[in-house]
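Protein chains: 2
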Amino acid sequence: MAKALILLADGTEEMEFTITYDTLVRAGVSCTSAFVPAHDPTKETSTFTNPPFAKGSRGINILPDSYFSPQESTPDMYDLLVIPGGAKGAKTMSSSSPIQHLVREYLQQDKFVGMICAGSLAALSSGLSKRPLTSHPSVKAQLEKHFEYLEDPVVVSGKLVTSRGPGTAFPFALTLVELLCGKEKRAEVAGPMVFPPGTFA
Amino acid sequence: MAKALILLADGTEEMEFTITYDTLVRAGVSCTSAFVPAHDPTKETSTFTNPPFAKGSRGINILPDSYFSPQESTPDMYDLLVIPGGAKGAKTMSSSSPIQHLVREYLQQDKFVGMICAGSLAALSSGLSKRPLTSHPSVKAQLEKHFEYLEDPVVVSGKLVTSRGPGTAFPFALTLVELLCGKEKRAEVAGPMVFPPGTFA
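Chains A and B, in that order, give the protein sequences.
Just so you know, we're using this note's numbering here: the first sequence kicks off at 42 and counts up by one.
Just so you know, we're using this note's numbering here: the second sequence kicks off at 42 and counts up by one.
FYI, nobody ran anything at the bench for these hints, they're computed from the structure.
Treat the hints loosely; a few may be bogus.
Which copy is meant is left open, because identical chains are indistinguishable; a pair holds if it fits in one copy or across any two.
Unchecked claim - Here are the simulated lysine-lysine pairs, DSS-like style, with alpha carbons at most 30 Å apart: (1) K132 - K226; (2) K226 - K181; (3) K226 - K96; (4) K44 - K186.
All values reported here derive from a predicted model rather than from experimental measurement.
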């Protein structure tokens, strides 16, 4: 069974998080969410000043399955690492050096990394080399000098899968299902979700 | 500012809940989620045997904004009542006589009621008269004798708005935005969500 680690922080876009997690679970992927605390610049290291749940970007509070630990997040433990968007949550994740290190390690070890919306900023902060990617339009200016910037709903570039926003979260999640579990599983999962004719399935 | 009450229970489909809540918040609608405890048949009345969060149908745990109380859920307090799907959560809601009463009261007082997926079973349990509606295909057989059953992604029938599943949750939520806040607000909200060309916007 494939395994996915999906990061969660205060300010995470809760639709992007939920659509990715739920759709992967429907495909039989074992999903673990991990809460990443915001770095407090007045302290030497990140501390759990946050409450024990993530406050989503539009106010939905989600309890994480676990608390982020670099040692428990390695590419030998998971097949996929997901960095969702939401400006504040994506900033917390992309500015974390342990997460930057994990992004590089996952790709080096041929494991999948998914980034959606402002989550794509982690490609920049992790120092990935020039490759095709996409993101939310609001962070395009930061990314287009360093990457081959595309505006497709989902961009698959080797093991890096990027996407644009809540409106592309279903094709993003279904693409991850297809890459981890195959085309048939994608169709099997999409059917009962009842997409309007001509979209995503 | 328009106000929406969005019900939440153990087994609620977390994408349908989250997409509706988040999209309405983006439109400036004040959203309150209310946790509906499952009825324990061994007790005379529903009790809070549940933990203080809702376990979604695919395992995402969501903290509600409030606990459901019929007195705090009346149509003079909200413009919209939403009943999301997820088989188990929808069963809890649709079999609750206070919720059945509220569904009738909202419609009688010309307030909106949204039902998606198995949530449409509440139209049946509330004893609504024959009218056009839709639902998840899995509960079509229970509904088609009593209603004018349609297979459109979203069906607006007076103040009752019904939809089919996670795959139609965005058009469902955007239709509710349009009905509460107008066509321009719908377009303003849909833009930054970055739907693929040709879908929903």
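Cross-check of the supplied hints:
1. When the C-alpha separation of K132 and K226 is checked against a cutoff of 30 Å, the pair qualifies only between copies, where the shortest distance is 28 Å, while the shortest distance within a copy is 33 Å.
2. In this assembly of identical chains, K226 and K181 lie within 30 Å of each other by CA distance solely across copies; the values are 24 Å between and 32 Å within a copy.
3. Taking the closest pair of Cα atoms, K226 and K96 come within 30 Å of each other only across two copies (25 Å); inside a single copy the shortest separation is 32 Å, beyond that limit.
4. Taking the shortest alpha-carbon separations for K44 and K186, neither the intra-copy value of 33 Å nor the inter-copy value of 43 Å comes in at or below 30 Å.
Hint check: a violation occurs at hint 4 only; the rest are consistent with the structure.
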